[in-house]
Amino acid sequence: MDLFVFKTRLRHFYPIVKEAVEVHPQRAAVLVMLYPKYNRTHVLMIKRARIMVQHGGEIAFPGGVFEEQDGDLLATALRETHEELGIEVGEFNVMGRLPQVETLSGYDVAPFVALMEEPPVFGKVSSREVEEVLEMPLTPLLSTQQRDVGYKPSEQMFAYWFGHHRIWGASARILHYIAQLSS
0 MDLFVFKTRL RHFYPIVKEA VEVHPQRAAV LVMLYPKYNR THVLMIKRAR
50 IMVQHGGEIA FPGGVFEEQD GDLLATALRE THEELGIEVG EFNVMGRLPQ
100 VETLSGYDVA PFVALMEEPP VFGKVSSREV EEVLEMPLTP LLSTQQRDVG
150 YKPSEQMFAY WFGHHRIWGA SARILHYIAQ LSS
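Numbering (this note's numbering), first residue to last: 0 to 182.
The hints are simulated quantities; they were obtained by calculation from the structure and are not laboratory data.
Wrong hints could be hidden among the right ones.
FRET-style restraints, in silico, Cβ to Cβ [to be verified]: (1) Q144 to Q99: 33 to 39 angstroms; (2) G162 to T7: 20 to 26 angstroms; (3) E116 to K46: 22 to 28 angstroms; (4) Q144 to E101: 35 to 41 angstroms; (5) G70 to F3: 17 to 23 angstroms; (6) P14 to S104: 37 to 43 angstroms; (7) Q99 to R8: 17 to 23 angstroms; (8) H11 to G162: 32 to 38 angstroms.
Since this is a predicted model, take the numbers as computed values, not measurements.
All residues carry an ideal CB built from backbone N, CA and C; glycine is no exception.
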């Protein structure tokens, strides 16, 4: 994947717009981190801890629910990434915001994309929230795309595979947006 072309398209089609956010229990944000590793672009995802009430055991991007002290959804994505993985990501790394996606549980999720120059440096990973950290080469991951049976017949649904891990739902829709921007 040509990260320069991707970054240009991302900034053009999906610029970051800071907006006031009403405190609402169903607003959330995630951070999609893309970075070079072993001469390939990688994406970082997590397997959520099975004990999590919402989406336990699922493959997801780091992120979580908006809290009033965040101020905006980008701050939510950065805070949650730090809480879950101990990773400090500067706002300067965030290049765009993909279209909002909805989860089966009713969350409206704002996906922000950060382009990193190096692989992230992990701090303390929260075992309460994260069961496994997955660093996946992006191009092979995107090549596993399959059509999936959706809960809304009017929506196109997708699934991706990384080894035995199935990525579906909102996370798969986010990956689909990335695939569209990178082709």
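The hints, checked one at a time:
no.: 1; hint: Q144 to Q99: 33 to 39 angstroms; result: violated (21 angstroms)
no.: 2; hint: G162 to T7: 20 to 26 angstroms; result: violated (32 angstroms)
no.: 3; hint: E116 to K46: 22 to 28 angstroms; result: holds (26 angstroms)
no.: 4; hint: Q144 to E101: 35 to 41 angstroms; result: violated (20 angstroms)
no.: 5; hint: G70 to F3: 17 to 23 angstroms; result: violated (31 angstroms)
no.: 6; hint: P14 to S104: 37 to 43 angstroms; result: violated (28 angstroms)
no.: 7; hint: Q99 to R8: 17 to 23 angstroms; result: holds (18 angstroms)
no.: 8; hint: H11 to G162: 32 to 38 angstroms; result: holds (34 angstroms)
Going down the numbered hints, you'll see the structure goes against 1, 2, 4, 5 and 6, while the others check out.
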